[in-house]
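K.L.:
Chain residues, written in single-letter form:
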Amino acid sequence: MSGINVTATAVFIFFFVLVTVMGFIAARWKAGDLNELHEWGLGGRRFGSWITWFLLGGDLYTAYTVIAVPAVVYAIGAYGFFAVPYTILIYPFIFLTMPRLWNATHKRGYLTGADFVYGAYGNKWLEGMVALTGIIATMPYIALQLVGMEKVIQALGFPHEGMTGHLPLTIAFLILAVYTYRSGLRAPAMIAFVKDIMIYIFVIAAVIIIPAKLGGYGAIFDSAQKDFAAQLATNPNVARGVLLAPAQIWPFITLAIGSAMALFMYPHSLTGVLSASGPKAIRHNAISLPAYSLVLALIAMLGYMAHAAGIKVQNPQDAVPQLFLAMFPSWFVGFTFAAIAIGALVPAAVMSIGAANTFTRNLWRPFVNQNMSPSEESTLAKLMSLVVKIGALIVILFLPTQFALDLQLLGGVWMIQIFPAIIFGLYTRWYKGGALLAGLIVGLALGTYLSIGPTSWVPVSKAFFGIPLYNGLTAVIANVIVATLLSFILPANKSDELTEADFRDAKA
Amino acid sequence: MRYILLLIPCIASVVTPFYNMTDPMLFGIPFFYWYLMLLIPVSSLFIWLAAKTGGDDL
Chain W
137 MSGINVTATA VFIFFFVLVT VMGFIAARWK AGDLNELHEW GLGGRRFGSW ITWFLLGGDL
197 YTAYTVIAVP AVVYAIGAYG FFAVPYTILI YPFIFLTMPR LWNATHKRGY LTGADFVYGA
257 YGNKWLEGMV ALTGIIATMP YIALQLVGME KVIQALGFPH EGMTGHLPLT IAFLILAVYT
317 YRSGLRAPAM IAFVKDIMIY IFVIAAVIII PAKLGGYGAI FDSAQKDFAA QLATNPNVAR
377 GVLLAPAQIW PFITLAIGSA MALFMYPHSL TGVLSASGPK AIRHNAISLP AYSLVLALIA
437 MLGYMAHAAG IKVQNPQDAV PQLFLAMFPS WFVGFTFAAI AIGALVPAAV MSIGAANTFT
497 RNLWRPFVNQ NMSPSEESTL AKLMSLVVKI GALIVILFLP TQFALDLQLL GGVWMIQIFP
557 AIIFGLYTRW YKGGALLAGL IVGLALGTYL SIGPTSWVPV SKAFFGIPLY NGLTAVIANV
617 IVATLLSFIL PANKSDELTE ADFRDAKA
Chain B
333 MRYILLLIPC IASVVTPFYN MTDPMLFGIP FFYWYLMLLI PVSSLFIWLA AKTGGDDL
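Top line first, the protein sequences correspond to chains W and B.
Read in order, the letters of the first sequence correspond to residues 137 to 644 in the working numbering.
Read in order, the letters of the second sequence correspond to residues 333 to 390 in the working numbering.
No lab work stands behind these hints, which were simulated from the structure alone.
Heads up, a few of these hints could be off.
Below, a sample of chain B positions facing chain W; criterion: calculated Cβ distance under 10 Å [stated by the list, open to error]: (1) 368; (2) 369; (3) 382; (4) 383.
Pairs of lysine-lysine residues, derived as DSS-like cross-links and limited to a Cα-Cα distance of at most 30 Å, are as follows [what the hints assert, rightly or not]: (5) W/260 to W/598; (6) W/362 to W/166; (7) W/166 to W/243; (8) W/416 to W/362; (9) B/384 to W/260; (10) B/384 to W/598.
Every residue gets a Cβ at the ideal spot worked out from N, C-alpha and C, and that includes glycine.
Let the sequences and hints guide you as you build the complete structure.
P.N.:
This is how it looks when you write it as structure tokens:
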């Protein structure tokens, strides 16, 4: 193992040990009875504006994002920037809808999005499908956090292949699994402070130091454009460049809109929102979370900086780690890699908790055991959080990474399909549960069908008049049409326990 | 008013043909990039304004 960067690895391990200790201590933070699911899985809904800011920031802007967004920018340019309009679109949406969802869930004791769907429509099959969609879409997302982590561990000089190559990743993930089991949502909430501050430090350093070394932003964009022009000369089939090609514009817009609609349907996003202490904390965050979007935009720029620094990699996902190795002293490389790896732990933990909460509440409870006590719920959710994480680890260890990437792409397409059930339900109960279920199934089927490409899964297809649109968006339009038409025909919902007052802020 | 204020940054972020250009540049950064990055804090401002005018509890 002569290739290991000792200084960087030592710094890396230091920070990793630090957050591990925090993960275990977190069980005692804002102490509550962890044998109750709302305490283990939602932190007792006691996270104020600041904690929610760090937790949601750490939860939504994942390690995979830090690796993947600049990788797309490095590979094809401006198209990768779709992440910026995407993350602009989500906050007006959160501001409007999520305080309503929080109020209703708090008043009625719901813990998940699917709990709310059951309360609104009284249809356990719809509830179950919403939960199942969320869980299946989340699993590959967790697996991709491992990819982000593996990239930086490899860049430290650890071998790429074989069981010894996977050993550091396996150890890191098992530690994560144990303290999530013990501390629940409090663990990622506490670790998120460290992670987010580290990310801010390395991004600010990177966007100042790297351009200074490479001759400024003008030179960076020039050299990226030069590389793209050369690549276009050899392979004109893949559009790339510092600006969007005309054919990329509709995919860019629809991918941004579709991704924004999908994000807050994921169980981990809802877990982050529902653990807030109130609608006020959510509104504060809708205004302040865009700070992370700015960081994401700057991280995306790293893809161009890699061109200017002459980084040539086979796999674009290696571009950022290699850029840091070329630009920074070893100790700071260790710091940035630790930030990325810890950046994987926070979302992986929240995702597994979110999936475990919804499995327990919306699959196990309605379909297997209707009379679970709070402590039985908590025990089952803890076990599920382990199962989900070990499942993700097995996927990464034994299946090609492409498998997780493809599933993640499909996961986004699937996730949007629960948008009508949850978001429409915040404003009207006119829709019928059975109609929304039919729409959801049509959306899932159509989205999956559209994504089957000639050689691989594709995110975009020409659905209307030859205009290329994001499949998730096309499918959700079909979903809404089916749900609307059937709602005219089907009989009224069996139960509707919600009233408009449930959605409004409680009077202080 | 509240809804219009929230809609403005959303529309501004998806009128892609309008901002898909190089000039005017800022510090060597093409318009496409600095426009989108500037829009991030601007969108925050609009959400804050929507909260203020809508009488939401902040």
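K.L.:
Output the indices of the hints that this structure fails to meet, ascending.
P.N.:
5, 6, 8, 9, 10
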